[in-house]
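For the record, the sequence lines run as chains F and R. Position one of the first sequence corresponds to residue 1 (the UniProt record's numbering), numbered consecutively onward. Position one of the second sequence corresponds to residue 1 (the UniProt record's numbering), numbered consecutively onward.
Simulated from the structure, these hints should not be mistaken for laboratory data. Note that this is a predicted model, so its numbers are computed, not measured. Using N, Cα and C, we set each Cβ at its ideal position, and we do this for glycine too. Incorrect hints may have been included.
Said to hold, decoys possible - One-sided and incomplete, this derived list gives chain F residues near chain R with beta-carbon spacing under 10 Å:
hint: 1; residue: Leu124
hint: 2; residue: Ile175
hint: 3; residue: Ile218
hint: 4; residue: Met261
As the list claims (entries may be wrong) - Quick list of in silico lysine-lysine cross-link-like pairs, DSS-like style, CA-CA up to 27 Å:
hint: 5; chain 1: F; residue 1: Lys72; chain 2: R; residue 2: Lys104
hint: 6; chain 1: R; residue 1: Lys162; chain 2: F; residue 2: Lys284
hint: 7; chain 1: R; residue 1: Lys107; chain 2: F; residue 2: Lys284
hint: 8; chain 1: F; residue 1: Lys49; chain 2: R; residue 2: Lys104
hint: 9; chain 1: F; residue 1: Lys223; chain 2: F; residue 2: Lys61
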Amino acid sequence: MKTERSTQVFNVAGYLILTLISLLCLLPFLLIISGSFTAETEILADGFKLIPNDFTLLAYKAVFSEPGQILKAYQVTILITLCGTLVGLFLTSMTGYVLSRKDFLYRNQLSFFIYFTTLFSGGLIPWYILIVRYLDLKDSYLSLVLPALVGAWNIILMKNFIKSIPESIVESAKIDGAGDFTIYRKLILPLSTPGLATIGLFMALAYWNDWFSANLFITSGDKYPLQFLLYKILASAAVLKTNIAGNLSADMKPPAETLKMAAAVVVTGPIIFLYPFVQRFFVKGLTIGAIKG
Amino acid sequence: MRRLVAELVHNRVMFLMIAPTLIFFSVFAYLPMVGIYYAFTNFSFEGGLFGSEFIGWQNFRFLVESGSLWSLTKNTVLYNLAFILLGNLLQLVCAIFLAEIPGKLFKKTTQSVMFLPYFISFVLVGAFVFNLFNSENGVINTLLQQLGLPGYDFYMHTSPWKYIIVFFSIWKGLGYGTIIYLAAIMSIGDEYYEAAKIDGANIFQRIRSITIPMLVPTFVLLILLSLGGILKGQFDLFYQIIGNNGMLFESTDIIDTYVYRSLAVNFDIGMGTAAGLYQSFFGLALVLTVNYIIRKTREDYALF
């Protein structure tokens with residue numbers, strides 16, 4: 001079948017526009033990567049560009065010459081992401097399940113108690129003072145995990161997801177004498193794996209990318225999570241410890257600007273590698289609960 | 001009361017299951033509300049919650065009279081309007097193209113690439129901005145130099161930052177929104193398009209008379225929902241791009257960055273809490289209004 005002329009015009013426009021937008025989405029990443037492979041002297045003379053004249057691994061050598069700092073930050077981030085996501089997911093799904101049970105008398109009132117927190121809050125400052133002054137969590141790993149442990153939206157999403165599980169399953173388990181927690185653990189959890197996977201990934205992403213809690217609460221450098229370490233390196237506030245200056249010939253500059261770029265790549269790399277594998281879960285989750293939260 | 005006790009006993013396991021979450025929200029969401037009181041005090045760290053001097057509405061009066069409240073509100077609202085309107089339009093356009101053009105691999109690839117920025121942290125966005133706009137060796141200045149043009153010190157001018165901020169906000173949310181609109185397009189029945197094809201409608205006519213009218217409800221709904229949050233600023237975005245660069249505040253300071261600076265830079269607890277309370281209070285009023293409007297028109301989509 002011959003394609004109509006208008007369709008051809010439309011398709012060409014579509015390909016052009018989408019290609020252009022995709023390139024714009026990728027360009028900043030490419031610039032950072034190419035910057036990290038450029039020689040420091042070239043940056044200082046010419047500035048950053050898309051394709052460097054000289055390709056060098058020096059910045060990466062510098063980053064990995066004393067990898068302790070970055071490895072420690074990786075450890076912290078992985079730890080808080082794992083703990084926060086697992087505990088958060090447990091609480092979120094349990095709450096979602098209880099609120100979805102029709103024989104739980106106060107479900108509407110308690111749902112509102114949780115939902116109201118998205119409508120009104122005391123604001124950043126009272127929240128900060130509570131955590132630092134009254135809960136005494138300053139400079140503790142708990143301050144990176146606890147304040148973001150459960151979110152109202154995720155609970156609502158989880159509740160709606162569990163509601164789609166046929167009620168008869170719960171009913172028949174109850175007749176067989178199963179307790180409420182057993183029903184949750186043995187029936188609800190396995191049946192809601194797609195929902196758990198999606199919400200869990202969103203939680204993990206939020207913990208992984210969080211720099212703000214560390215900015216507010218963490219004071220000692222060895223407790224920095226990845227993103228905050230990167231932030232400090234970019235702001236030149238924390239100089240990444242390297243052990244490379246001694247090995248350089250006199251006309252070479254130790255990497256500074258390129259070091260920032262290499263640090264950005266090292267910090268973000270794993271997410272980009274994981275991205276193709278987890279992307280579809282996000283897409284699925286978005287289309288499940290996208291509009292009606 | 002009897003009913004409550006009976007329910008507590010009867011459903012004790014479920015109450016135990018939900019208890020940690022309720023405690024969490026009591027501590028981290030409701031307890032800080034007590035601290036709203038700071039807004040009415042001349043806060044001192046020695047005095048703490050109730051030992052600080054009570055000054056009534058003075059903090060609010062200062063915020064209004066100094067003009068900060070007006071300019072913060074204006075910036076917050078205008079930025080959000082730009083994010084919402086431009087963002088949604090672009091997402092809609094991308095979704096329509098993705099739904100109609102052939103080429104599975106191309107569509108899959110572009111969709112993945114467009115969704116990628118959603119996954120990275122705002123710190124990395126900060127790195128991008130540094131890499132692009134840095135006045136000594138940023139990419140843009142390198143380019144200007146190569147073209148024989150004079151360099152441009154972005155950090156000495158306020159005007160370009162509006163566009164930079166809007167660009168990166170849309171850049172980061174494009175893939176996410178496109179997926180939502182694409183899902184909405186996919187749920188439109190094929191029979192409409194088939195019928196239109198038989199009647200000889202070309203692709204532009206089909207999009208204008210089927211896709212767009214069918215998407216209007218989703219579009220309006222998403223816009224309305226976002227309008228409810230128009231006083232909430234994207235702190236991460238503004239802070240990672242602008243930071244504490246006072247030169248640029250005039251056109252880039254939003255309520256959230258102001259509150260943050262009151263806490264972390266100026267130690268002006270009373271004033272910051274007052275600005276935060278103003279934001280929370282009017283935010284609530286806005287959501288209630290928006291919800292009222294949605295309830296009047298499309299009840300099933302109301303938030304509550």
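Going down the list of hints, with the structure as the test:
no.	hint	in the structure
1	Leu124	holds (5 Å)
2	Ile175	violated (17 Å)
3	Ile218	violated (13 Å)
4	Met261	holds (7 Å)
5	F:Lys72 x R:Lys104	violated (42 Å)
6	R:Lys162 x F:Lys284	violated (34 Å)
7	R:Lys107 x F:Lys284	holds (17 Å)
8	F:Lys49 x R:Lys104	violated (33 Å)
9	F:Lys223 x F:Lys61	holds (24 Å)
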